[in-house]
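Peer 1: Sequence:
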Amino acid sequence: MTRQHPRRGPRWPWSWLTHRHRHRGQASRRARRRLRLIGAGALALVLLLVATVSLLLGRDEETPQAETPETVSCARYGLDGVRVTARGPGGPTDAAVLDARVFGPGEDRQDRFQLDYEHDGITSSYHVLAEGLDWDRPVGVVYHFHGDGAFEYENPQYTASCLAEVAREHNLLLVVPRTPDRAGEITWWEERDRNARWFLALVEERLEREYDIDRSRTWLTGYSGGAQFISQELLADHVDLVPGGGAIMMGGGQAPDSPAAEPTREQLRELRLRWDVGTEDDGSDPRARFNAVSAAWDGHRWYEDQGYERARIRYRDGVDHFGLPYARILERALAAAAEDSPEDSPEDSPEES
8 MTRQHPRRGP RWPWSWLTHR HRHRGQASRR ARRRLRLIGA GALALVLLLV ATVSLLLGRD
68 EETPQAETPE TVSCARYGLD GVRVTARGPG GPTDAAVLDA RVFGPGEDRQ DRFQLDYEHD
128 GITSSYHVLA EGLDWDRPVG VVYHFHGDGA FEYENPQYTA SCLAEVAREH NLLLVVPRTP
188 DRAGEITWWE ERDRNARWFL ALVEERLERE YDIDRSRTWL TGYSGGAQFI SQELLADHVD
248 LVPGGGAIMM GGGQAPDSPA AEPTREQLRE LRLRWDVGTE DDGSDPRARF NAVSAAWDGH
308 RWYEDQGYER ARIRYRDGVD HFGLPYARIL ERALAAAAED SPEDSPEDSP EES
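Residue 360 is where the sequence shown ends in the numbering used here, and the numbering goes up by one at each step.
Read the hints as simulated data drawn from the structure, not as lab findings.
Any given hint could be a false lead.
As the list claims (entries may be wrong) - Here are the in silico distance ranges between beta carbons for each label pair:
1) Arg294 - Thr271: 39 to 47 Å
2) Gly128 - His245: 14 to 22 Å
3) Glu212 - Ala268: 18 to 26 Å
4) Asp87 - Arg189: 31 to 39 Å
5) Ala268 - Ser291: 13 to 21 Å
6) Arg276 - Gly128: 16 to 24 Å
7) Pro250 - Glu212: 13 to 21 Å
8) Ser80 - Thr271: 37 to 45 Å
Virtual Cβ for every residue (Gly too), placed ideally from N, Cα, C.
Build the full structure now, drawing on both the sequences and the hints.
Peer 2: What follows is the structure, encoded as structure tokens:
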């Protein structure tokens, strides 16, 4: 029998199928290689983009803040079209020193933040916003008392920056103290006597010694719990703090329990006391259970009954506890005082429903 060479033997009926499968496997391997190459290229491109973005971000972080200072819009505080430098610790206006009682050249005319002060075992801190004032003319002062939680103090780049712009226009120093309260939700109105002792000592022992303040233009402004502190403590027991100027209670300002102060006839005649509250600020909002409408009405009525001839109240229709235009309210009050206007302007009529 003649033995056939395996390579020359007859083809079996399924040999053609085996040949096709071999070619299919080769095509599949080529496709997988192409996919791997495409995937590797895409990964390299992603890594390149990440590196480029990281480089650009690194350059932005190295840009000096003073060259591109942050600004804040004061529209939400009632000053449409006004943008100001966001003032605060670490910003372009920060000139705080380690010892607040020792000034370097010109530091008494710069903004200074988070300055500590201790009196009789009570410790807290304060900001002084003095940038842009004309010290060749008399400089008055605005003391602003924050609401519960101290947002205005902890974030001076917002409310305080816009209030400072209004104060600057009227050559007034802006001081924003932080309540000494540290227990629970921090407030001015809890432990009012203790908090007042610290604040009055701050004014007498430090601020009035460091700054040449025209006390005839002293203004107290407060929001919510800060307004309560003014009406129930400072005006009620320490009205001599305000020999001239006035007080603005926003979103609060209830009548005192047992007042001890005895205002002079001049104070009764000249001090401008203003309450400003939204009609929706009645305690029905779950975010603000305090009935500021009732508190403002109560405080205004009480002080008016005591003989304060320039006590005024405004109810802002449709405004809630968080919508008061703080800076515009201050601006209107200061403008009226500067013009010695006997009443508020028509836009800010004394009473509205």
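Peer 1: It remains to establish, for every hint, whether it holds in the given structure.
Peer 2: Structure-based check of all given hints:
no. : hint                        : in the structure
1   : Arg294 - Thr271: 39 to 47 Å : 41 Å, holds
2   : Gly128 - His245: 14 to 22 Å : 20 Å, holds
3   : Glu212 - Ala268: 18 to 26 Å : 21 Å, holds
4   : Asp87 - Arg189: 31 to 39 Å  : 38 Å, holds
5   : Ala268 - Ser291: 13 to 21 Å : 34 Å, violated
6   : Arg276 - Gly128: 16 to 24 Å : 39 Å, violated
7   : Pro250 - Glu212: 13 to 21 Å : 18 Å, holds
8   : Ser80 - Thr271: 37 to 45 Å  : 41 Å, holds
Violated hints, in rising order: 5 and 6; the structure is consistent with all others.
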